[in-house]
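Number of protein chains: 2
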Amino acid sequence: MEFESFLVSLGTSAVIFVVLMLLFTWLSRRPGNVSVYYPNRILKGMDPWEGSSLTRNPFAWIREAFTSTEQDVVKLSGVDTAVYFVFLSTVLGIFALSALLLLPTLLPLSATDNSLKTSRNVTDTTSNGTFSQLDNLSMANITRRSSRLWAFLGAVYWVSLVTYFMLWKAYKHVAALRAEALMSSEEVLPEQYAILVRDIPSPPNGETQKEFVDSYFREIYPETFYRSLVVTENSKLARAEAVFAATSNRPMNKTGLLGLVGERVDSIDYYTKLINESVAKLEAEQRTVLAEKQQTAAVVFFTDRVTAALAAQSLHCQMVDKWTVTEAPEPRQLIWENLKIKFFSRIVRQYLIYFLVAITILFYMIPIAFVSAITTLGNLQKALPFIKPIVEIAFIRTILQSYLPQIALIVFLAMLPKFLMFLSKSEGIPSQSHAIRAASGKYFYFSVLNVFIGVTLAGSLFDNLKALEKKPNSIVTVLATSLPKNATFFLTYVALKFFVGYGLELSRIIPLIIFHLKKKYLCKTEAEVKEAWYPGDLSYATRVPSDMLILTITFCYSVIAPLILVFGVIYFGLGWLILRNQALKVYVPSYESYGRMWPHIHTRILAALFLFQLVMFGYLGAKLFVWATLLVPLIFISLIFGYVCRQKFYKGFEHTALEVACRGLKQRPDLEEVFRAYIPHSLSTHKGDDHQFKGAMSRYQDYAAISAA
Amino acid sequence: MEFESFLVSLGTSAVIFVVLMLLFTWLSRRPGNVSVYYPNRILKGMDPWEGSSLTRNPFAWIREAFTSTEQDVVKLSGVDTAVYFVFLSTVLGIFALSALLLLPTLLPLSATDNSLKTSRNVTDTTSNGTFSQLDNLSMANITRRSSRLWAFLGAVYWVSLVTYFMLWKAYKHVAALRAEALMSSEEVLPEQYAILVRDIPSPPNGETQKEFVDSYFREIYPETFYRSLVVTENSKLARAEAVFAATSNRPMNKTGLLGLVGERVDSIDYYTKLINESVAKLEAEQRTVLAEKQQTAAVVFFTDRVTAALAAQSLHCQMVDKWTVTEAPEPRQLIWENLKIKFFSRIVRQYLIYFLVAITILFYMIPIAFVSAITTLGNLQKALPFIKPIVEIAFIRTILQSYLPQIALIVFLAMLPKFLMFLSKSEGIPSQSHAIRAASGKYFYFSVLNVFIGVTLAGSLFDNLKALEKKPNSIVTVLATSLPKNATFFLTYVALKFFVGYGLELSRIIPLIIFHLKKKYLCKTEAEVKEAWYPGDLSYATRVPSDMLILTITFCYSVIAPLILVFGVIYFGLGWLILRNQALKVYVPSYESYGRMWPHIHTRILAALFLFQLVMFGYLGAKLFVWATLLVPLIFISLIFGYVCRQKFYKGFEHTALEVACRGLKQRPDLEEVFRAYIPHSLSTHKGDDHQFKGAMSRYQDYAAISAA
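Chains as they are written, first to last, in our numbering: chain A, 617 to 1325; chain B, 617 to 1325.
Hints were generated in silico from the structure; no laboratory data involved. These figures come from a predicted structure and were not determined experimentally. Where hints are given, some of them may not hold.
As the list claims (entries may be wrong) - Not the full set, but computed from the structure, chain A residues with beta-carbon under 7 Å of chain B:
#1 H932
#2 Q934
#3 P1001
#4 H1271
#5 C1278
As the list claims (entries may be wrong) - Straight line, CA to CA, 20 Å or less: simulated EDC-like cross-link-like pairs of lysine to aspartate or glutamate:
#6 B:K938 - A:E901
#7 B:K897 - B:E943
#8 B:K1267 - A:E1270
Said to hold, decoys possible - Only part of the chain B face toward chain A is listed, based on derived beta-carbon distances under 10 Å:
#9 V936
#10 F979
#11 M1031
C-beta atoms are modelled at their ideal positions from N, C-alpha and C, and glycine is treated no differently.
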């Protein structure tokens, strides 16, 4: 790619960004769009244009984002979102501090050397036109064995030390955030009074599951045991309830909303009859479920937080595969259908799925090729003969033939996060947030291996296959020497990500269009309109791995082509700003895990740093710089740093520390409310929503609360 | 070795065994030796010749051993000893069941083949005289590619399946034993009411360490916290106390024992003065220690067992390296000087010591050679010139020259268990039993690698070094093909171990001689006489690894030379019988860990099985039997079996399960006694021994109890 075409691509992206910004400024001020641009505020019962926004300054949102404190984020969007901002600002700090030293030293050193010119003159055959002015600013332009390489070696140390420092600080900060939230005395968090018990053995003869659980825990905790909630198989009940909801809610709202006066009496009569029948059926079904479909899992409640925290960490049964306990997830996070899966079955599932994911990562091209083969025109015509006349038009035929494989690729890649999420849930994980962390980890390895290493190696690997055969240990070297050739590609990629990606994020063009279309043509009730604008959460499962990919790219190029640090700083800086706006005003968190995402993020940042150090070791080696061996201690320091962090911090994220659980909260909570927070909606009585519990109801109940407000 | 010389060696050993047995029968009935042959009974306050022994039937001890139940063993020698017998009987069961199938099938198959005869005729050069009649009964006599090898393949499966079955049964049994002992309602075990806290941070200004610990735990456990005992640096105090004990006890006993009437008044006066001075000094020192030398560790007491069990398993501080908790070891087991070692320092020490042990195992010949070099006569003469006249006598010179290296080897090997124990304690392990487990593990790997693999490979490895260079992956094959040559050597070794080893064990000739010598020439007080006959414990740190070596040898030869199964059965059968006698009558356990040794033993039995399967895979491969690959699934099954056992059982041994802690024991214990059981002797007041606590005092206090009784 020529330097000019790089500038053109950069310019185009920037223009798109500006256009999207302007669109945002215009659209977000229209009252009809308020539920798309300020849903979080609306749901929190706040005025959308609170405070200074009233002046309608088009850049007021920037000032608001900058002046918002971490406490605001915690209050409006939860600890997990605050932790995500710690991630963004930590990475921003790492790249800014790195750039501060690397740009003024490495760029001049590269620019004043002339390895590329010399080598192009000598062997023009290997050059494939990727060398441009940009490459003169990269390490590719440094002569082999040059003593200038000392500066690049030092730069690797600088970047690494900055990373260790920032990560250590961030881990401490996040731990404090988590502790503060967990020892909060403002809210009663039901999950702090409960534990999740799985693998309950069969009760002795004549006892029900519930009696068995109660007597077991009452014996161990005679004074602090409150009660238990045995998990029941109620998928059938949930379906029945959906039917009930469909028959009972819709017509009432219809009368209210659209006022179909003509048919009113008849339909009310009809639906009232239906409702009465449904209620009777539902109640009968509820009784059966409670009595007969008790499963081998239960939520057990205690009268105080310390006992629950103690119980969640302790071995109850001598045989580890019976009566296994964990901290209870929030009620809205529970994946009910996973709770019954047995101990060893969970382990087997986990390994099976690791295997499947490894296969997916390694051979993900194969199913795509397979799908492409099926979707070739010839095969399509056989399967769907009626498309034949269309296909025979030459123009359409050409387009289809050239795009079908790409469409297959896009569809497959779009399905990937869902597929990984499905796999993670199949492991038998009991909570939503945990499943999301698991899926996010899988997606990270997929994207680093396939996008980053894949793109880098794809071309060079086949060129160098013979060289590779000669010395099979040099995969790192091959990766390292291929990197500089792709520097421009990745610069463009990062720029595209922040200009177009964040432009779309801020402007919310797509959700806006979807909302208006749905509202106009599909939504028939108030609840459906709400569902149309309900924004969902930040979706960490895809957002974090995609940030991680940018992070990995920036790390790996930070010394080879230091210009990328500028792009990295912009990506994470702009990301921080725009997502701050989105977190405060748009997204509604769908769960709260009190920062349990952090150890996961931390490990992956370190993994990226580790890859960077390996690559630099390889590349300095490829430059025949013998002092590259000085990087070996650094690689070990990374491993030790990771080990120490894990030892020192991880357990505090896995469990609630007792010194945290025992503080705050002096008064005794309403235990009845704690208990009812865990009753699945389909099992609770339908006599009105009087059992609401702040901050912990299922999303369905969130809606109910909104309509009641 | 010829067959005849094998028989001679076996016969000699058997004769020694019979002589030792007769000696035992004769000596053990002499009243003067009663404290050597029945110390455990005496210390338990029982009649040494209780019940049927009174008839003085020389074989009464055998009947007594067989009729004793597991409960007797637990009562007289503790759970750990009972677990050791489970180990012996499990291995006995494995070998007996294996022999039942293998001897009648494999021996005829080997005897009727003629590979050895053929190969000796063909290539007499490789045969080095080790092939004898015995070898005709081994797998070495099976022709290559013979279909008879199917039987040997099946035998590997049979031995493995028998082992899985017996190990699973044993693990369950030991878990039940442990649970029963821990939920005992007969005794109050102080360690069940306490936890050990380490890594206590510095107290805030103006607070002492003790106030800090108290307030920290009182906040978390407002109702169940009893009190704390901060660990103090009192090595100086302990020394002072030793001086005190020396000055105060000795003369009093002297008067009582030997009746030195002439100097009586003077010495009493003198010593009384000394005692008074010492007491004053001691008390002053006690006050300083308690006030100023508080360390960063403490024992914290609770009012009930369940809270202590919960607390020991839970994270107290969010930063994992502060306020770390573990179950409290028994008071007599605490290694006080290790308690102050910090979290990360313990980790660093652990890795350092693993490294040191690996070095020791790999290069243990080097220090021996080094010591030998130093101890050659020439160097010795330089160092110790006065030995020159002795050395110049030709006869002594010859003997010394030929034995010095061997002596060095023997000294080094004798020092090894102590050295490994020293290393294990340096890891910062807080309890004696844990240190013993760690040392025992190290010794196991040392003995298997150096004795078994070392002896097997030593000769062949250098012969085959060229073959090895050609295919560097065939270390297993080399080991496998070298095994048959050494079968006779190991048969003799096992026989020597059980005949001479157990003969010495039962007859206790050496302790008897030492006791009589000490009593006659050294002991001046009643307490010293007791110390002279005090038998100590079973010393698992060396006993278990030495049994494990026999086990490994028997496993590895079980199919290659099935005769070894007979020897294995005798070793473990005789061991069971003789140690049953010793456990009931002789050894006094020095600690009780409630079977925590078992997971350690289990893993090592499995490791031996794993080595056996690998060796058989190699040897069947060396026999060019292609179906040897059928052993690959078996090797994986071993890994999975080990994983499942660890998952299912291990945590129950690491911690006290709550369902165990909550049962039994209805009445509230005397907490003051629980607390005082942990006060180091040198810090307790000297106003008499009124703070004794059954089963849990330090050994020093055990002595005191005896003299009081």
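Against the structure, the hints:
1. H932: Constraint on H932 (chain A) satisfied, holds at 5 Å.
2. Q934: Hint on Q934 (chain A): holds, closest Cβ of chain B at ~4 Å, below 7 Å.
3. P1001: Nearest chain B Cβ about 50 Å off; hint violated.
4. H1271: holds, 5 Å
5. C1278: holds, 5 Å
6. B:K938 - A:E901: At roughly 52 Å apart (the allowed maximum being 20 Å), E901 (chain A) and K938 (chain B) break the hint.
7. B:K897 - B:E943: With Cα atoms ~35 Å apart, K897 (chain B) and E943 (chain B) exceed 20 Å; violated.
8. B:K1267 - A:E1270: Judged against 20 Å, a Cα distance of about 18 Å means the pair holds.
9. V936: With Cβ-Cβ at 5 Å, under 10 Å, it holds.
10. F979: violated, 24 Å
11. M1031: violated, 33 Å
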